[in-house]
Every structure is written in structure tokens, then in C-alpha cells.
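> Throughout the sequence shown, residue numbering follows this note's numbering, covering 8 to 962 in sequence.
Hints in this document: simulated from the structure, not taken from any laboratory.
Across the chosen pairs, the derived CB separations fall in these ranges:
no., residue 1, residue 2, range
1, Gln-282, Asp-203, 41 to 47 Å
2, Leu-210, Thr-753, 48 to 54 Å
3, Glu-557, Ala-880, 42 to 48 Å
4, Gly-157, Glu-543, 20 to 26 Å
5, Lys-342, Leu-542, 47 to 53 Å
6, Arg-759, Asp-203, 30 to 36 Å
7, Asp-203, Gly-157, 26 to 32 Å
8, Arg-676, Ala-612, 31 to 37 Å
9, Leu-542, Arg-291, 48 to 54 Å
10, Val-428, Arg-492, 44 to 50 Å
Idealized CB from N, CA, C, for every residue including glycine.
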Amino acid sequence: MGASSSNPLEAAGLIREPIKIGVLHSLTGTMSISEISVKDATLLAVEEINAAGGVLGRPLEAVIEDGASDLQTFAQKAKQLLLEAQVAVVFGCWTSASRKAVLPAFEQYGGLLFYPVQYEGLEQCPNVFYTGAAPNQQILPGVNYLLAQGKRKIFLLGSDYIFPRTANMIVKAQLAALGGELAGEMYLPLGSRKVDEAIAHILAVKPDAILNTLNGDSNVAFFQKLREAGLKPENLLVMSASIAEEEVRAIGYQNIAGHLVVWNYFQTIDTPKNQQFVKAYKARYGKNRVTDDPIEAAYFGVYLWKQAVEKAGSIDAVKVREAAKNIEFAAPSGKVKIDAKTQHTWKTARIGKVRSDGQIEEIWNSGAPLVPDPFLKDYPWAAALAPRRISVGTRASLIGLFAILVLITWMAAGVGWMGAVQMKNYLVAIEAASAAAGVSEAAMAVLVQQTMFVASRTQHWLLGTLVLSSIAGIVACVSVSGIIRNLGLLREAAQLMASGDLTARSPVVSNDAIGVLSSTLNTMAQQINSLLKGLEVRQRQLEERSRELEVAKNYAEAANRAKSTFLANMTHELRTPLNAIIGYSELLQEEAIELGEEEFVMDLASINLAGKQLLNIISDILDISKIEAGKMTMFLETFDVWNLIEQVVTTVQPLVGKNGNTLIVNCDRDIGTIYSDSSKLRQALLNLTSNAAKFTDRGKITINVWKEEEWEVLPPDNSEGLSIVNSGCQNSAIVFQVTDTGIGLTDDQLSRLFGAFSQADDSTTRRYGGTGLGLTISRKFCQMMGGDITVESEFDCGSTFTIRLPVAVKSQKEAQGDESLPEKTDKLGPQPLELPDAAIVLVIDDDPDARDLITRCLSKEGFEVRSSASGEAGLELAKELLPDAITLDVMMPSMDGWAVLSALKADPDLADIPVIMLTFLDDKNQGLELGAAEYLRKPVDYKHFADLLNKYQRP
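Using the sequences and the hints given, assemble the complete structure.
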């Protein structure tokens, strides 16, 4: 950035080569919410400095780079600024992770970084000037304030990166030392907006306050959800260490008003210097913009560097670093100073409350700038936070004590030795003198006196040694006693913790190795206690969730039962009139033909067809519902494959001819039998052939059937516990293939072909009709029988649908016995009826139309028909008439058909009367198990029904 035209250097024509400075912040990504404004503050300071004449007579030129909220990008951009742009200094970074990412480049290339944001401490790099707060200038005062307000139970919430985790490590040690309680601890990915779990955890542990170190967009989501959960500042206070005025704007005043923040600067500070700064910032960037702590720190950081450069007379990093020691500046927040030892800044700590207008009102401050203590050396409880060896004092004490004891021992030994030698010499002299003649008594006295002197001196030396030994012993005793006492306290605390009392604390009475061990043990106990409480909370949450799931399961089961009951009742209510419409239309057709009223036949046929189509739709909806609920049952029987194909061909032939198609069948008459559910297989084949006929116009439809001797059998997909039985050849199967030359399918249509209520596309539905359930139901049926349906198709050329089914499927009960086909496969099958001429048939059905239709139909065939409208009356009539056959409906009020059938078979006089079930329910198994002779589903083909009775009538 060049200087403005008001620059005095430019006016004098003395502009020199600019000094390049780097500005490295996240201008995009999750951290841009905070860092763009910090970048703007840096550029404001540059513009002001240039307007005042620059630095060393040279203007400043800012080279701006975007860290993009990405650590690798920060590292890459820092290297580019130092090597390619060759900047004299870099102002930048916000997160500790970004600062750590760029440090290697500054250390390797000797650059300078001015870091404007509060951080976790425990760092001191000669290439960095820290204009943000150290922990003792922000985090510690904030926690002390909460504790002083009676907020003892604190929850720690932060983003998952360096600053929050390290800061919270310090806070946990502080809480342990000051009697606070860790309510819980949780971290979210940086920028994550998924805060629901954190809110739930907070609600569960019920803390007194939250210490929030979230960064970026996470704060927006957190405070919104906190407010939605009904957690207001008056019942749960949040103190934030990374939210300032700029972030408050993004969060929304209404979401954060009343909560606390801890910083070193607020826009509301009422000083001329700050008013001037705020006015200049708003004039430059807009009246709606706000200033905050990192903005102010970035702003005065540029001025501190300017002063250091001018003091050094050079932009050389080494000289600037040396000149910066103890430099002071009148910043908007007040007087700041670079600490000569740590290169951190002396700052005043402040706590503020967010107002409803988005500004922060100061409610507490430290009174004077706090000396930065990044390693917390003045806090004994923090001794364990920074890696240390045994302190110098402890070492000196132990080594000195040992040296004194050794010296005293050597002194005692030396004095004793020297005294003993001298005494020996004098005694030898005395002995020699006494042996020599002429030795006077005076000479002897002198020798004895000298000997006594040596002995006395030796005693004095030994006494002195004794005194020194006693002193050393006392010193040693005191030192050892202190160590033993501290170790005893530590042991007692450890034993209490081991016994389960995690609230016990070991007193931190010194800053030595034992003090570090005590502090570490306290922090560990607090962390374990918090984790155990967190586990208890999670356990309660899981139990509550399990109860909720159990309740939901019961509701779901009840809803499923209600749905099943509703569908059964509704389909019964719909099928009953449809059964009458279909039955009466068939009878009227016969009567119209007999009367020669041909003009009514087609109309009646249309009514009959419409009724059957509507009935098929209702049946499909009920079938798919039963399949999804796992309540679809199967009736397994052995039947001839060729006969089944004949039935299908007979049924579908009119539809094939309607569009002028030709039907070709390729099937060996002696293909044999299959043990499966004939009605479901028939329904699947009818669906495939009717679809082929519907979507083919004047084409060819081919049904191919063959037997495969080797086939990978699929497990049956059903709720009946069915398994596959090998019949004769291992893994043999019957293959049914329906091929047409119709419209075909595209790949997209194939991908959703078997979805419920799905057809090729909307235009197909409009043109050809249908519900889109047929293929879904058919495939489910085949899967229930241990097979499947596959399809191959080419658009506008035709399709081929293939059903593969195992030769035999049986229930698990059967599978536990003989693996071959059961001998009694027809035990539950329809029993032959032998009825006499003019047989009496009793009709039991609550639907009057059904009774009337059956009566009219059977009366035509010569049967005598009696009827009853209820199960109870039907039983009484059966006992009175002893009819030759009984037709019985299932769904009747009061006493249903199953109860009537059981009562009939339990009465010896009635047990042999054949009972034919006529019902809408698809439960053939139960009917035959209870003793029914035949099981027919409504609507009944009454002509076929009459033929059935005639077939078994005795001549």
C-alpha cells in the first residue's frame, strides 16, 4: 500500500523504496468471520503510519495473503512471504494451530511474527511477539471471577484444536487447586455446527457455568441452540474466551445478550485514545463495523514494531528483537509494554457482559496491566503443566546435604587418625625414655603433658565433629521429615482416590517434584471424576433413550396392529359390495343371454370387469402392506407345473388377444411337479404375462418353462421360517420365462422397476394404467419361495422376465426331519366331496348379498340351500338340518368363521360335514388345519363353485 498524497515525504519528493510487511489471515473459510476484521485493523495502522511519514522515512507496503482457514495453506503462505516477498515482518494468524503451523518457517528463515490473539501459553519463541493475552491475563482471571460468583461447577466446551485443549488443561488444574468442580468437557470439530449433542450433555450434567472456547461458525450454532433449549444467562451463564464484538454480530445480539466474555479490550472503553481509534476504524470501514480485542492488538502491534525498528535504526530481525525489549505504547486499551524476558505484552484483564445492542459492557478489570506469565511460574498448582525436571533448589538441597554428611565423616575419621598417630609417637618416646638411664622426671613430665595435649585436642576435634554431625543430622531430619510428610499426604490422597473418593485432593505445599506430582494427581483425579460423571450422564441418556425406543416400539407395534386391523376391516368393507357387484353382474349376464337381451351383456361385462380391476387394486394394496409388515403367509402344496401353466394361459388369453398379440408356450407336459405356493406363483405369472400383453401391440409373447438341475439356491425371504428342500437332483429349480416384443425399458427405468408404486415413467402410467405394485408383489412372493425375478430389456425391442424357484420349499419344522419331500404333502390339501343328489347346503355368511348370490347360484344347480346370518345361528341350524355341506365366511361379528369351524369339527354329529370356506382372507393354511374341505377366496366364480360341488356329488 503506497502513501497518500498528504504524505510529507511525497510532498518533498523524498519517497524511498517501501518496506514490505506481510499480512497473513484467513480471508475465506470458517475463521474468516473473525480474521478479516483483524486484517483490516492491521491495514488501518499501516495507512496511518504512512500518512505520518512511514518508518525510517520509508512507506510501508502490505503484502496480503489468505490462510484460508487451512494449516497447510498458512505454512505455505508464510514461507512465500519470507522467501519470495522478503517481507521485514508478518502480522497474522488467529488460531494456535495456524501459529504452530507457521513457526517452523519463521525459525528457519529468521523472520518476525506479531501474533494478535490470546492463546494458551506454555510457549516462548524468539521469532514471535505475542500482543494477545497469555493465560494469566485472560483465562485465569475469567475462571477466578466465575468461582468468586459462586459458579463452582464449570463445563468446558471448545473447538478441537490446540488453544481450547491446552487452555482447558490449565483450567482443570486451576479448578482442582481452588476447589472448583469440572462438570464436563467436550470438543467440536473447528467450524462444526452440529452442537445438539453438546447441548444435550450440558442439560444432563446441569453445570453452574460454561467456559466456552469455541471458534468460528460453531459459536453461531451453539448460542442459537442454547437459546432454543431455553437456557438463559440467568440460569446458565456462558463465559467465552474467543467471542468479541465482531463475533457477536455474526451470532446475533438476541442469542448472546447477557452472557460474559473475557478479554483485554472492549469497544466501549471510555478513553480519548480509544474513541479516536474507533472513529478512525469506522470511518475507514463503515459505521456498522465494530472493534474488538484482536482488532486492537493487531492495530497496536504494528505501532510496537514501528517503534522497535526506529529504535534499532534497521529492519533487521535480530536488531529489532533486541530493540523491542520493554518498549511501551499508549494503545486504545491503555498502556502496553513488551516484556523483555518473554516477548509477551503487559495487558489489563477485563470481563464484560454482552448488551442487547451487541456492545460489551465492562463489569470487572484487573486495575493495572498484568505481567505476562506464559509458563505460569507464579502458580504452584501449574507446576505440572510445563515439562520440567527436578528443580535446581531441590537438587542443591539434596546434593549439599549429602556433601556435608560425607565431609563430617571424613573430618571425624581424619582427626581421630591424626590424634591416634601422635599419641602413638609420644607413647613410643615415653617408653624409650623410660628405658634409657638418666631420664629426669621433668623430661618425663613434658612427654606426658604433650601426650595429654594431643589427647585433649583430639577430643575437641571429635566434639566439634559431633556438633557438626548433630546439626547435619537435624537438617537431614527436617528435610527427610518434610519429604516424608509430603509423601505421606500424597499417599493418603492417592489411597482416598483409589478407594473411590475422587473429590480428595493432595495439598500442593511446594514447587518441587513432589508438588508437581501432587498437582498432576489432583488434575488427574478431577479429570477421572468428570469422565465418570460423563459416563453416568451417558448411561442415563442411554437408559432414557432405551425407554423412549421401547415406548416408540410399542407405539409402532400398536400402530402396525391398528393398521392391519384397519386394512382388514376396510378391505372387507370394500370387497363386500364389490363381491356383490361382480356376482350380480355375472348372474345378470347369464340371465340376459337366456332372455336374449344381448344389448345388456356388454354393459354388464364392463361392470364386471371394472369391479374385478378395483378388487385387484385393493388386493394388491393389502398384499404389499402384509409383506411390509412381515405377515404374509404361504400355503405350500405339491402341484403339477403344466396344469398351472394351462390355467395361466386360459386366464390371460383374452388380454393377449385384445392387442392383437400371439401367445406361444414352450413347456414339457411331463416337466413334473413343484412343492411351493401355487396361488402366489400363479399370481406372479399372471402379472408378468398380463404386463407383456399390455405393453405389446400386435407382437409375440412367449412363455418358456424348463427345469435346471444345478442352481445356486437363494435363502427364502419370508416370515414363515421356510427352507429349501433338494428334490432328486441337488439344487434343482424350475424356470419360468416370459418374453415379449413390446416397448422395452431404458436403463433408468430398469433401475426403479421393482419399486413399490413404480412404473416405467408417468407417461407409461397415464397410457397403460396400473398401480405399479404388481412387479413388487410378484418379486416379493418369489423371494419368499426361495427364488427371484430377473429382467433383461432393450428399449423399443422388448423385455424378458425370468422367475427361478426351487423345486421344493418347506417349513423349518419339516426341514428338521427328512430332507426329501414329505410323504404327507397333501394332508392339508382340499378333501374330495361326495354329496348326494338334492344335497342340502347350509350358507353361513353375515353379508345378505353373498347369501343371496350363493343361494341363487346353487339353486340353479339343483341344490337345496338354507342360510344363516351369524355364526351362532348357523351352528344351531347345522345341528337341526345336518346338511350335506356348509359354506362358511370368516369375518363375521360376535362369532367369526374360525370359531364356527372349530365348533363344527368338535361336535361328533357335525364333524364329518364338509365345510367350504368362502372368505376374503388369504389364510388357507389355518382353514385347512382347522378341517376345512375347501378354501376359496371371494369374489367366487359362482359357476366354478357350483361345478365344484357338482363334481363331488354322488350319483
